[in-house]
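Protein chains in written order, with the working numbering: chain A, 5 to 128; chain B, 5 to 128; chain C, 24 to 118; chain D, 24 to 118; chain E, 4 to 125; chain F, 4 to 125.
Keep in mind the hints are simulated off the structure, nothing from the lab.
Computed from a predicted structure; not experimentally measured.
Among the clues, some could well be false.
[Claimed, not checked] List time: in silico EDC-like cross-link candidates among lysine to aspartate or glutamate, alpha-carbon distance up to 16 Å:
1. K69/B with D120/F
2. K53/F with E114/E
3. K69/B with E103/D
4. K69/C with D33/A
5. K6/F with D112/D
6. K69/A with D59/E
7. K12/B with E114/E
8. K118/A with D49/D
9. K6/E with D112/C
10. K48/D with D114/A
11. K73/A with E86/E
12. K29/B with D120/F
13. K87/F with D33/A
14. K12/A with D120/F
15. K48/C with D33/B
16. K12/A with D112/D
17. K87/E with E60/F
18. K73/B with D34/F
19. K69/A with D112/C
20. K29/B with E114/F
21. K69/D with D114/B
22. K48/D with E82/D
23. K87/F with E36/E
24. K69/A with E36/E
25. K87/E with D33/B
26. K118/B with D112/C
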Amino acid sequence: MTLHQPNKSLALLNSKAPYANNAGKDALDIALVFGSFEQATALFFQGDGVYQLMQGQDGDIISVKDYLKTFSAFEFYDIEDVYVCQQSLIERGLASDFHIEQVQVLNQHDFASKLTTHSTILRF
Amino acid sequence: MTLHQPNKSLALLNSKAPYANNAGKDALDIALVFGSFEQATALFFQGDGVYQLMQGQDGDIISVKDYLKTFSAFEFYDIEDVYVCQQSLIERGLASDFHIEQVQVLNQHDFASKLTTHSTILRF
Amino acid sequence: MTTLHIVRQSAFTTSDFAQCLQTVKDSDCIVFTDDGCYNLTHPCIKQLSVQVELKAIIEHVNARAINLTNTKATTITMNELVALTFQTDRVITWQ
Amino acid sequence: MTTLHIVRQSAFTTSDFAQCLQTVKDSDCIVFTDDGCYNLTHPCIKQLSVQVELKAIIEHVNARAINLTNTKATTITMNELVALTFQTDRVITWQ
Amino acid sequence: MNKLAVVITTPPYSNLIITALNYIEAALHSDIELIGVFFYQDGVLNANSKVQLASDEFQTIKRWQALHEQYHLPLHLCITAAEKRGMSDENDADNLIHPAFTISGLGELVELSTSADRLVQF
Amino acid sequence: MNKLAVVITTPPYSNLIITALNYIEAALHSDIELIGVFFYQDGVLNANSKVQLASDEFQTIKRWQALHEQYHLPLHLCITAAEKRGMSDENDADNLIHPAFTISGLGELVELSTSADRLVQF
Numbered sequence: 005m006t007l008h009q010p011n012k013s014l015a016l017l018n019s020k021a022p023y024a025n026n027a028g029k030d031a032l033d034i035a036l037v038f039g040s041f042e043q044a045t046a047l048f049f050q051g052d053g054v055y056q057l058m059q060g061q062d063g064d065i066i067s068v069k070d071y072l073k074t075f076s077a078f079e080f081y082d083i084e085d086v087y088v089c090q091q092s093l094i095e096r097g098l099a100s101d102f103h104i105e106q107v108q109v110l111n112q113h114d115f116a117s118k119l120t121t122h123s124t125i126l127r128f
Numbered sequence: 005m006t007l008h009q010p011n012k013s014l015a016l017l018n019s020k021a022p023y024a025n026n027a028g029k030d031a032l033d034i035a036l037v038f039g040s041f042e043q044a045t046a047l048f049f050q051g052d053g054v055y056q057l058m059q060g061q062d063g064d065i066i067s068v069k070d071y072l073k074t075f076s077a078f079e080f081y082d083i084e085d086v087y088v089c090q091q092s093l094i095e096r097g098l099a100s101d102f103h104i105e106q107v108q109v110l111n112q113h114d115f116a117s118k119l120t121t122h123s124t125i126l127r128f
Numbered sequence: 024m025t026t027l028h029i030v031r032q033s034a035f036t037t038s039d040f041a042q043c044l045q046t047v048k049d050s051d052c053i054v055f056t057d058d059g060c061y062n063l064t065h066p067c068i069k070q071l072s073v074q075v076e077l078k079a080i081i082e083h084v085n086a087r088a089i090n091l092t093n094t095k096a097t098t099i100t101m102n103e104l105v106a107l108t109f110q111t112d113r114v115i116t117w118q
Numbered sequence: 024m025t026t027l028h029i030v031r032q033s034a035f036t037t038s039d040f041a042q043c044l045q046t047v048k049d050s051d052c053i054v055f056t057d058d059g060c061y062n063l064t065h066p067c068i069k070q071l072s073v074q075v076e077l078k079a080i081i082e083h084v085n086a087r088a089i090n091l092t093n094t095k096a097t098t099i100t101m102n103e104l105v106a107l108t109f110q111t112d113r114v115i116t117w118q
Numbered sequence: 004m005n006k007l008a009v010v011i012t013t014p015p016y017s018n019l020i021i022t023a024l025n026y027i028e029a030a031l032h033s034d035i036e037l038i039g040v041f042f043y044q045d046g047v048l049n050a051n052s053k054v055q056l057a058s059d060e061f062q063t064i065k066r067w068q069a070l071h072e073q074y075h076l077p078l079h080l081c082i083t084a085a086e087k088r089g090m091s092d093e094n095d096a097d098n099l100i101h102p103a104f105t106i107s108g109l110g111e112l113v114e115l116s117t118s119a120d121r122l123v124q125f
Numbered sequence: 004m005n006k007l008a009v010v011i012t013t014p015p016y017s018n019l020i021i022t023a024l025n026y027i028e029a030a031l032h033s034d035i036e037l038i039g040v041f042f043y044q045d046g047v048l049n050a051n052s053k054v055q056l057a058s059d060e061f062q063t064i065k066r067w068q069a070l071h072e073q074y075h076l077p078l079h080l081c082i083t084a085a086e087k088r089g090m091s092d093e094n095d096a097d098n099l100i101h102p103a104f105t106i107s108g109l110g111e112l113v114e115l116s117t118s119a120d121r122l123v124q125f
């Protein structure tokens, strides 16, 4: 594709819990569009953003359309890089029980290093 | 006035710094209207809200209409009760250099006690 | 004379709940709604030295898969929150 | 390969700056804008063990009457922020 | 009968508004008298009649309108806050404010505050 | 020449938007090529042509329009985000979207992201 630039890649840094606002959904929409244009895209979860990955959630209970289910489509869009900040999990007393498979838990140093390999970073 | 109820009073709890958003201005507008209707109204400043009281600020520098100047009209509207949380000042390393006269600095216990004497509390 | 505190934000993200804790008194009631429900697992809840009731809206807890096992909180319905509004003397919404 | 961090929120109110500090590396540059300028007086800035440059937009500091005397920060103009955008390799806005 | 008034400062595209609506519906179904709702700050965006949501999303705007029609619930809009957000009350085709909402000012908040036994903010 | 693109997610009635506008003006006056601005989330409200501000307040909306006219700066509006906030692109009297803004989708963000050397969010 003409848009393809091998040295460019996008990181989406998610910092918000899933249901109170639409930030997570807004980031997801960007990820899927970049994926469909074959742009290298990675997702990072830090702070309350880590709640987006936890198993057993169900937005339907509070009348919120549950965009978290769409995470299972990542492989279809060639989105393979999903990273979560270990320290954020520990602070919240959360185990690594994620609702998708390919999540990689990184310590603070590795999370920062991986994030800053990307040329463009948008935070939601 | 028919609206007057001796047992009712409004507390406006300010928690936001002055310039980034309009929360402080929105609370001020309520205070002035309640004052003009001769309703008992008190202003409380906690957290980053305490920055609204600090001397030497000037929103004009960043093109923000400086509503803080209107605080000097409190006496005209019979708004006499202005309280600031001492702990919030200490946390921010701020001295009691306020741009209006009648500010009362209260410790955490007294701030909470004074706040909860009011029948209605709105927080901005 | 007691106060009902409605807490709607995560203490991991904003200082709203920390400010609530500065204000809360014996016999007050704190109701966690929305992302405020995450606060039941926040370390600062253990700092509460006063005797307050901790409650959370059941749907908001369940949607977020929050485990209340090691907390002192009970779950309530929205109808119960409406009733609490008049069982207490005033309301502060921390949002 | 360095990162420009634009910090726009008060660390007294939100966790954005705390998350920035988890991510910052040697030789990065942090620019405080808007309420982010208050962070220059926040205790967490002393936790910075890495060597980073601290800068703040001069008008944003002056409008808020923030005293930079006991800080390591220097003030810059908006033109300098634009230049920094290209002197570093990427930008993260913490807002 | 206990009298309740509600102040809404949450915009319609935040899911926090669903909690406010559920609270109000619970109050309407109880033995409390809900004397009115006052929309302020970003809350005024709830009166925007042109908001288009996907059909499978929560229909916030329609639910306010239904509450007004079904229970004659007074919905007071702070017009200053509304104009600041692009919603005028000019009587022409551009009028975005749904007729279920009454054009008001902060004086109405004084009225609600003095008449109600409890004023709750969402 | 260095190429810059900007993503705006801040609404016009937040004073944070003034910082974004000042940054963009500084970029336009420098030796950088500003290839476009993309409006997303609450940032789409900046395209609302009906916003009425007090004359002594900062005229955010007018300044976007002036930047477009003076520098031919492309202003891309994410239409999905705009519709969710009550701004439709129907070609009638209800059209609130100022003509300085181009109706776009997230595909345009891909284009900006791949073409620019830096993408900055405000």
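Straight-line Cα separation of K87/E and E60/F no greater than 16 Å? holds (11 Å)
Given the hint that K73/B pairs with D34/F, does the C-alpha gap stay at or below 16 Å? Distance of about 40 Å is beyond 16 Å: violated.
Restraint check for K29/B with D120/F, where alpha carbons must lie at most 16 Å apart: Status violated; Cα separation ~39 Å.
Tell me if the straight-line CA distance from K12/A to D112/D falls inside 16 Å. Satisfied, since the Cα-Cα distance of roughly 12 Å is no more than 16 Å.
Are K6/F and D112/D close enough, with their CA atoms no more than 16 Å apart? Distance of about 13 Å is within 16 Å: holds.
Holds or violated: K73/A and E86/E, Cα atoms, limit 16 Å. Given pair K73/A, E86/E is violated - Cα atoms ~38 Å apart, limit 16 Å.
Would you mind confirming whether the straight-line C-alpha gap from K87/F to D33/A stays at or under 16 Å? Status holds; Cα separation ~14 Å.
With the threshold set at 16 Å, check whether the alpha-carbon distance from K12/A to D120/F stays at or below it. holds (9 Å)
Taken at face value, is the distance from the CA of D49/D to the CA of K118/A at most 16 Å? holds (15 Å)
For the pair supplied as a hint, K48/D and E82/D, is the alpha-carbon distance within the 16 Å limit? Outside the cut-off at roughly 27 Å; violated.
Just to be careful, I want the Cα atoms of K29/B and E114/F compared with a cutoff of 16 Å; is the pair within it? Status violated; Cα separation ~40 Å.
Given the hint that K87/E pairs with D33/B, test it: the Cα-Cα distance must not exceed 16 Å. Satisfied, since the Cα-Cα distance of roughly 14 Å is no more than 16 Å.
Checked against the numbered hints above, the structure breaks hints 1, 2, 3, 4, 11, 12, 15, 18, 19, 20, 21, 22, 23 and 24 and satisfies the rest.
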